[in-house]
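Chemist: Sequence:
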Amino acid sequence: MTLTDLIGTLAAVLTTISFLPQALHTFRTKDVRGISLGMYSVFTVGVAMWLVYGLLLNAWPVVIANCVTLALASAILAMKLRYK
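Going by numbering that gives the first Met the number 0, the letters in the sequence shown line up with residues 0 to 83, in that order.
There could be a bad hint or two in this list.
Each pair of labels, with its calculated beta carbon distance range [said to hold, decoys possible]:
| hint | residue 1 | residue 2 | range |
| --- | --- | --- | --- |
| 1 | 4 | 66 | 36 to 44 Å |
| 2 | 81 | 0 | 38 to 46 Å |
| 3 | 55 | 14 | 15 to 23 Å |
| 4 | 83 | 2 | 43 to 51 Å |
| 5 | 81 | 41 | 18 to 26 Å |
| 6 | 47 | 10 | 17 to 25 Å |
| 7 | 36 | 5 | 33 to 41 Å |
| 8 | 47 | 12 | 14 to 22 Å |
| 9 | 12 | 56 | 26 to 34 Å |
| 10 | 38 | 0 | 29 to 37 Å |
| 11 | 6 | 40 | 16 to 24 Å |
| 12 | 54 | 14 | 12 to 20 Å |
| 13 | 56 | 33 | 32 to 40 Å |
Bear in mind the hints are in silico, worked out from the structure with no lab data behind them. This one's a predicted model, so the numbers in the text were calculated from it and none came from an experiment. From the three backbone atoms N, C-alpha and C, an ideal C-beta is built for every residue, glycine too.
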């Protein structure tokens, strides 16, 4: 693995798992007051578009990272809608 690949992989992993603490906190507490519906709505659509872009390019690192990010962002968005 080249240094460039390592940096890209670490960036993808870190930015993807950054949503995990929020998802777990929201699931446990059901507290969604601090979550912006507008931000998560726009962000989730953006991640879905990145996923499509990755699929069109056959860029599997982009696809995998955005699949996980989409799942986490969608879960947070769903909890925002359910628990508000």
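Chemist: The structure should be examined with respect to each hint, and the outcome stated for every one.
Modeler: Verification of the supplied hints:
1. 4 - 66: 36 to 44 Å: Distance hint for residue 4, residue 66 is violated at roughly 19 Å.
2. 81 - 0: 38 to 46 Å: Hint holds: Cβ distance 41 Å, inside 38 to 46 Å.
3. 55 - 14: 15 to 23 Å: 21 Å, holds
4. 83 - 2: 43 to 51 Å: At 45 Å between Cβs, range holds.
5. 81 - 41: 18 to 26 Å: Taking Cβ atoms as reference, residue 81 and residue 41 lie about 19 Å apart, which means the hint holds.
6. 47 - 10: 17 to 25 Å: 20 Å, holds
7. 36 - 5: 33 to 41 Å: The hint (33 to 41 Å, Cβ to Cβ) holds, given that residue 36 and residue 5 are roughly 36 Å apart.
8. 47 - 12: 14 to 22 Å: 20 Å, holds
9. 12 - 56: 26 to 34 Å: 20 Å, violated
10. 38 - 0: 29 to 37 Å: 34 Å, holds
11. 6 - 40: 16 to 24 Å: This hint is violated: roughly 31 Å between Cβ atoms.
12. 54 - 14: 12 to 20 Å: With a Cβ separation near 19 Å, residue 54 and residue 14 satisfy 12 to 20 Å, so the hint holds.
13. 56 - 33: 32 to 40 Å: Hint holds: Cβ distance 35 Å, inside 32 to 40 Å.
Hint compliance for this structure: hints 1, 9, 11 are broken, all remaining hints hold.
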